[in-house]
Amino acid sequence: MSTTLVETTYREAMREAMREAMQRDERVFLMGEDVGAYGGCFAVSLGLLEEFGPERIRDTPLSESAFVGAGIGAAIAGMRPIVEIMTVNFSLLALDQIINNAATLSHMSGGQVSVPVVIRMTTGAGRQLAAQHSHSLEGWYGHIPGIKLLAPATVEDARGMLWPALQDPDPVLIFEHGTLYPMPGSLAPDAAPVDISRAAVRRPGKDVTLLTYGGSLPKVMAAAEELATTGIEPEVVDLRVLRPLDDETIVGSVRRTHRAVIVDEGWRTGSLAAEITTRLVEQCFFDLDGPVQRVCSAEVPMPYAKHLEEAALPQVATIVAAARQVVSG
Amino acid sequence: MSDFTMPSLGADMDSGTIVEWLVKPGDHVQRGAPMAVVDTDKAAVEIETFQSGVVGDLLVEPGQRVDVGTPLATMLAAGEAPSAAPVSVGKAKRPRARRVPPPREAAAPVPPAVPREAEVAAAAPPAPSPPLRHHAAELGVDLASVTGTGTHGRITRRDVDAAAHRPRVSPYARRLAEELGVDLAAVTGTGTSGTVRAEDVRAAAHARPEVPPVSTEAPRSDRATIAALMSRSKREIPHYYVATTVDMHTVVSWLRDTNRDRSVAERIVPAAALLRAVALAARRMPQLNGFWVDGVFVPGEDVHVGVAISVRRGALVAPALRHAADLELPVLMQALRDLVGRARSGRLTRAELADPTLTVTDLGDQGVEEVFGVIQPPQVALVGIGRLVERPWAVDGLLGVRPLVRLSLSGDHRATDGYTGARFLATIDDLLQHPEAL
Amino acid sequence: MSRRRTSATGTTGTGAMPTQHRFELLRQMTRIRLFEERCVELYSATKIRGFLHVGIGEEAVATGVLTVLTAEDSIVSTYREHGHALVRGLSMDSVMAEMFGKVTGCSRGRGGSMHLFDVGHRFYGGNAIVGGGIPMAVGIALADRMRHQTSVTACFFGDGAYAEGEFHESANLAALWRLPLLFCCENNLYAMGTAIEHEQAETDLALRAASYGMASWSVDGMDVAAVEEATRHAVERIRAGDGPCFLELRTYRFRAHSMYDPELYRDKAEVGHWRERDPLELLTAAMRADGELDEDAFEAMTAEARAEVDRAVDTAEQAPFEPVEDLTRFVYSEAVGPGPTRAGEEGAGS
Amino acid sequence: MTPDQARSLVSKQIRFIVPDADLDGLPPDADLRRTLELDSLDFLEFVERLSKDAGVRIDEDDYPSLATMESCQAFLAARTAASD
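Protein chains in written order, with numbering that gives the first Met the number 0: chain A, 0 to 328; chain B, 0 to 437; chain C, 0 to 349; chain D, 0 to 83.
It should be emphasised that the hints constitute simulated quantities derived from the structure, not laboratory data. Some clues are possibly wrong.
Computed cross-link-like contacts, BS3-like style, restricted to lysine-lysine with a CA-CA straight-line distance of at most 27 Å [claimed, not checked]:
id, chain 1, residue 1, chain 2, residue 2
1, D, K51, D, K11
2, B, K41, C, K267
3, B, K233, C, K267
Note that the coordinates shown come from a computational prediction; the quantities given were computed from them, not determined experimentally.
Work out the full structure: start from the sequences and follow the hints.
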């Protein structure tokens, strides 16, 4: 097996992950709107229909409640379905199935029923799709016991998270930020599965901890570079798992740096950033040398116009300013 | 015989009211037959019997609200005779004592509740005393924002002082200060609006003197150690000296009045009043209450007045009367007696022997009128007190005999200058003119 | 696949059904009736809490349909599910214990009357969300079809659910993918307090179901023989791969929607009229008319059923509650070796 | 109280405060505070013990009459005589 790395993209990495899963386990199949003939709204499943056929690459009618419910039912009955909801914005139509059935059945049935389904959704803003197509609702789903949430932010995670998610006996939701699909990266041809329970320190540092996930990671890494030129050494933590949160890594980092900035594309009120801030106050109050800073989207329906959307979203400059504020302030 | 009880018709229903009976005693009813109409908060509903049989006594009258489970009527098996008294339809009989709990008002009258201690304490804490209000105003502290730590929530002087020095401190800085033994009140914050940050605390910690290890076993410093200490003081500390005469008339007469109705054990000697005045003055002028270390003045965390005590056989020790500025005069007196007693019997604590923040030498009892002492390093001030003497003294232009005492200050010119020393003595003099406030 | 709409009017008098089988249907319906009547009493005495929806009057539907299904078939039910659970084979003890919230209940006391689960019997629970279970039933049928099994999934719901989007999406998807799914619509003429003519533009539900391209029948839901015959016919088509079928089972509940319902929406006369067609009495009358009812056996069977209910109540009373320490167990599946080996989990896979 | 009783009582109290005091060689008219180096606190404790032991009230105005051993004996004799 050659060890030379393969140039690929986030999108192709996810496609390869699905192909590998279906080759290894006949219980695995893909279901969603336009995943087959059209090749996937974001071309993630391009070519899979030709390789695996319509039985395992199933285009569905526009009935999110039905096909997500069907995915849950098939999982109950022994399959390992991958259900693709085109975007998190349409997942609102399937909330009843996800929350009242998928997340609840195991506990409510006293452990008899388990729902090994993986639900993938594209998330986030930044492509001028306006309010109804730009939501970041990870905070909502992060509120629900009974499901697990993953946010692959790197090509390696896009390639390695799916297989362990499919092995998990409980529902796993995977949020793929829309801007990440074309992101280039290199991978070993036989890339191994990755851990899906821990956060990752993407850049070690000592003066302030920058906590983020998914589509915001590239902006945070850029902000970290800029801060480094001014003598501030930030530590960047990529959450990777949004539920259950990896308190150990998060708290461990802030205990070292004594300062925290959380970058989250969701709206600040009741967001994932709000939950993480609460955990920092609960678990390292006496390590905080300044209040936790949150860089979130402005609390507005995402506007279409580019300059407005940019003003609403967290940006490198606002991340740098927040970090400076907590370090020197 | 069995009961027909008020059924529960929903998770949130815990009582119901009989609107109308649909049966009368003696009626034969089949299982499932409607017995009465019950009104719950939402609507009127027919309730049914789960047994067939003969209706006995109707125990609850229409219009009466009863809890779920309360017996509404008795049911007789077929053939059983209903109770003797025929009952008109619709009017429920008085509930028989045996089955229905006695109505509540019949219970023994409850004695009027005596306000327990807790209720009294819950009343508003006693109003702060006038001098305290004055003290708070002086330090710019809003008493409403201060929570008293005295009995019944009384605000004490210490509470006010603490409130005056409440800088904003980050939690990490507060923890660090505790670990490094740094007095936060003395740290100036460099964060926004004066917030004390971690590096401020670290800076303060580096500047703090290493407290010389003092063993409690050596209560008496022998001549050699005293000699070494005194020569180091003279060698390193550029002393300046200032002195003044204080009219002790007000203090002495006040003491005579208060001592008259005090038992011997509680009597207060002038020396205690003097010590109290020095302590209060030191709190007002913190530049004299601390240490000179590596070229930097480090203020003491509180006022601990070292009291020079001659301990038999010529030895000398100057243990600290700790937190002297917080000890009201009578309390300070007892503390002083206790301190001197323990100094003489060698039972001083480590804290008392650790450096006092300034020292007082009272040689009045030894007969000298004026003392110019040597500062105990690393302190920056020493107050000398002479003998209380009756002397001719001009008061408002008239000549009179007044009890006078000579106060002196030896100051470390690196930390303060004569101007500050003089103001310090003047402050002590002024405090001694208001003995009731000591 | 036939698009036509057929309506089978069953008769209870067909001689084809063996006496012993008719007696067993009667026994099942009697068990359900006595169980649910006792539940009403227990609820009034605050022993059962929460919501309680009894199907007294609809026993023929559960009995007629489920007697046709096999152990490999699956069931998804609704909150009016006691009858389905008992006929499917859940023990009366485990169901009553569940109503008492005891750990010996079929869902460890966590589900209550509306969420009875028994995966061993492929009984995938009631569902308190009207229509909430239908998409899942589609998925179970999909899984069976993808694994080339001849199992049928029966999905029960009421006329109220017929107005939910989830039903229409599921009916279309199941018909589109020709899934082995039996839609069983218990049309008891009322969606809680709303009569069907006030909630459905077209009240002939079978007619409308046919428009999804699946075979649909209207059945007299009070006649257990008719229900069984229609179900048998539909299941044969499904197993033959003809895709989903729809049964509109016209039935009636003699008691309120739930324990708290002043029934202002219907009058006593209507209830009285339907009581004349009580499914238990219809069957006993028919068997007597055919001289097939052994009165002693009937009496003994009823007494045994009553005793079974009594035993269930006693065991439920004594049973322990789930220890509070287990509160968070099963929020996520507990590691049971390489992948859970639950029923329906025998698919291959590394 | 006889002069001798008074003397032994005074000596007892002084010895408590100054254990190694040479009382025998102490002239009866010697100033106790100066010869025995009693500062104001020592003297206060001496007065406290004396008044408790002898059961008599001693005010600050009486302090001058406790200057020497002689004056103490006289004071105690006079003060207790009033109550004998």
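Each hint, compared with the structure:
{"no.": "1", "hint": "D/K51 - D/K11", "verdict": "holds (13 Å)"}
{"no.": "2", "hint": "B/K41 - C/K267", "verdict": "holds (21 Å)"}
{"no.": "3", "hint": "B/K233 - C/K267", "verdict": "violated (113 Å)"}
In this structure, only the earlier hint numbered 3 is contradicted, and the remaining ones agree with it.
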